[in-house]
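> Take a look at the letters that make up each chain.
Protein chains: 2
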Amino acid sequence: MLSTVAIQGFEGSFHQIAARHYFGPAALTAPCATFGEVVRQVSSGTAGHGLMAIENSIAGSILPNYNLLRQAGLRVTGEVYLQIRQHLMALPGQPLDDIREVHSHPMALLQCADFLSQHGPWRLVETEDTALSAQRIREGLRTGTAAVAGKLAAELFDLEILAKDIHSEKKNYTRFLVVDRPENAAAVVAPNKASLYFHTTHAQGSLAQVLIRIADQGINLSKLQSFPIPAKTWHYYFHADLEFDDPAQLEAALQAMKPVTEGLEVLGIYHKGTTHK
Amino acid sequence: MLSTVAIQGFEGSFHQIAARHYFGPAALTAPCATFGEVVRQVSSGTAGHGLMAIENSIAGSILPNYNLLRQAGLRVTGEVYLQIRQHLMALPGQPLDDIREVHSHPMALLQCADFLSQHGPWRLVETEDTALSAQRIREGLRTGTAAVAGKLAAELFDLEILAKDIHSEKKNYTRFLVVDRPENAAAVVAPNKASLYFHTTHAQGSLAQVLIRIADQGINLSKLQSFPIPAKTWHYYFHADLEFDDPAQLEAALQAMKPVTEGLEVLGIYHKGTTHK
Chain E
1 MLSTVAIQGF EGSFHQIAAR HYFGPAALTA PCATFGEVVR QVSSGTAGHG
51 LMAIENSIAG SILPNYNLLR QAGLRVTGEV YLQIRQHLMA LPGQPLDDIR
101 EVHSHPMALL QCADFLSQHG PWRLVETEDT ALSAQRIREG LRTGTAAVAG
151 KLAAELFDLE ILAKDIHSEK KNYTRFLVVD RPENAAAVVA PNKASLYFHT
201 THAQGSLAQV LIRIADQGIN LSKLQSFPIP AKTWHYYFHA DLEFDDPAQL
251 EAALQAMKPV TEGLEVLGIY HKGTTHK
Chain U
1 MLSTVAIQGF EGSFHQIAAR HYFGPAALTA PCATFGEVVR QVSSGTAGHG
51 LMAIENSIAG SILPNYNLLR QAGLRVTGEV YLQIRQHLMA LPGQPLDDIR
101 EVHSHPMALL QCADFLSQHG PWRLVETEDT ALSAQRIREG LRTGTAAVAG
151 KLAAELFDLE ILAKDIHSEK KNYTRFLVVD RPENAAAVVA PNKASLYFHT
201 THAQGSLAQV LIRIADQGIN LSKLQSFPIP AKTWHYYFHA DLEFDDPAQL
251 EAALQAMKPV TEGLEVLGIY HKGTTHK
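First to last, the sequence lines map onto chains E and U.
Numbered by UniProt numbering, the letters in the first sequence go through residues 1 to 277 in order.
Numbered by UniProt numbering, the letters in the second sequence go through residues 1 to 277 in order.
Hint data in this document are derived by calculation from the structure and do not stem from the laboratory.
Treat the hints with care, as some may be off.
[As the list claims (entries may be wrong)] Covered, in the sense of this in silico footprint (three residues per stretch, anywhere, with C-beta under 8 Å from a C-beta of chain E), are these stretches of chain U:
#1 52-59
#2 215-229
#3 232-242
For every residue, glycine included, the Cβ atom is placed at its ideal position computed from N, Cα and C.
Pulled out of the complex, with its shape left as it was, chain E reads as follows (with noise of 0.2 Å):
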């Protein structure tokens, strides 16, 4: 039996879009309202496994959902890429001229703000998610409306795409972890990823001290993104994801940071992601 996938967002969304081409095309998604439902859903059982997406090549980070994951508890067990491609999808056998109303999530339409204002003129409705406002136009049997959505929305509410790919900036691709429970996240075979949480001391050199070691055994840091500690004013924490060959680079960078951390805490070790498209 398939375990459940939560996600955040609805039916036909770019989580579940990722969901699919991590765990297959007969995956089971969960859809959840907020990413700290994903995180309970995975804590308490209800779910096997969580897909959250963590950081966005243009947007950058998505700094409370690090957050989540370690209050949770929960492990890093893979990761996926996907290119964010929106389309402009209505009920068929619309023609373009027909339509006189958009729907989607702000930050959709933003993303297509240079195709949305050469055409129309069309009266641009923010909703709550991009995939939800096509399902409402197929359930509400919306003329005259059309909706801003991934391809897998358009399948799943049997749309019909009227302009393809009409996001402006190509190069946007957004990076989600697979997440598990500790008993959960079985030995990865041959791992070539880690992610880690560490903070250093405030003397002068520590973080490049740090670095240093991981550098020595080979490994590449592919990110490094500081926190605030909130109990302790001006003080960081750092998250670092490490991209190695063999997992015994890994354990030696992890015995040479003991002494230059504290609160050195591996968040999952599993396997280099592909990107999507």
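Go by the hints and put chain U onto chain E.
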């Protein structure tokens, strides 16, 4: 003649409190609806200076503001730290028992959630600004309504503080940057802090090499923040804050950093700010 300071937010806001601490109590402030408007007013010369929040000790960095500064080519000429203290205020003479609803920005309501849930029951009304909520009570002579806002709002709009320091997390500080046009960023005498941008090559250990060169000069790296480079997917640039005793240390570090960085740029050289409570 005093020049105007463009601030984000309304009369009586925490930005105005911070501006008065930095520029003195007679500072003339120009309220702006957005951070983008602050930058535009300074860039165009409409305002003499700008003051904008850049990070909070609990919520973390306001990432879009780093981008705004970088794109506008403004310089950081100073900084100021302010403790965020929230108070419950209403038209004078009303007992707490007469209050039926409380208006404020959703973040302020959240910061005071413990207090608000222990009293009342009150209807909580989300507004676009803390100080604006106070101003509307005064202008509408609204009885039975209180606002959550900073002390200055109570003073400016002649409201009575019914409950002081009602925020749950007492260690809540916001850091504000003072920004100026490059031609007005006169050399600061005896600076001890600098803000830099740079990106590294993707070579292993390149960031460690940068940080070693900073530490080698006895400079304290007080902040390191990574950002995605939109045109180069999953490449990052870094914002770094450096604290030193002698500007010669900074000069030496900048020279040493050049061979191991790309696009190294000094955003500002200034005095480390003081914290106001």
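> Each hint: holds or not?
For each hint, the structure was consulted:
no.: 1; hint: 52-59; in the structure: holds (count 5)
no.: 2; hint: 215-229; in the structure: holds (count 13)
no.: 3; hint: 232-242; in the structure: holds (count 3)
No hint from the list above goes unmet by this structure.
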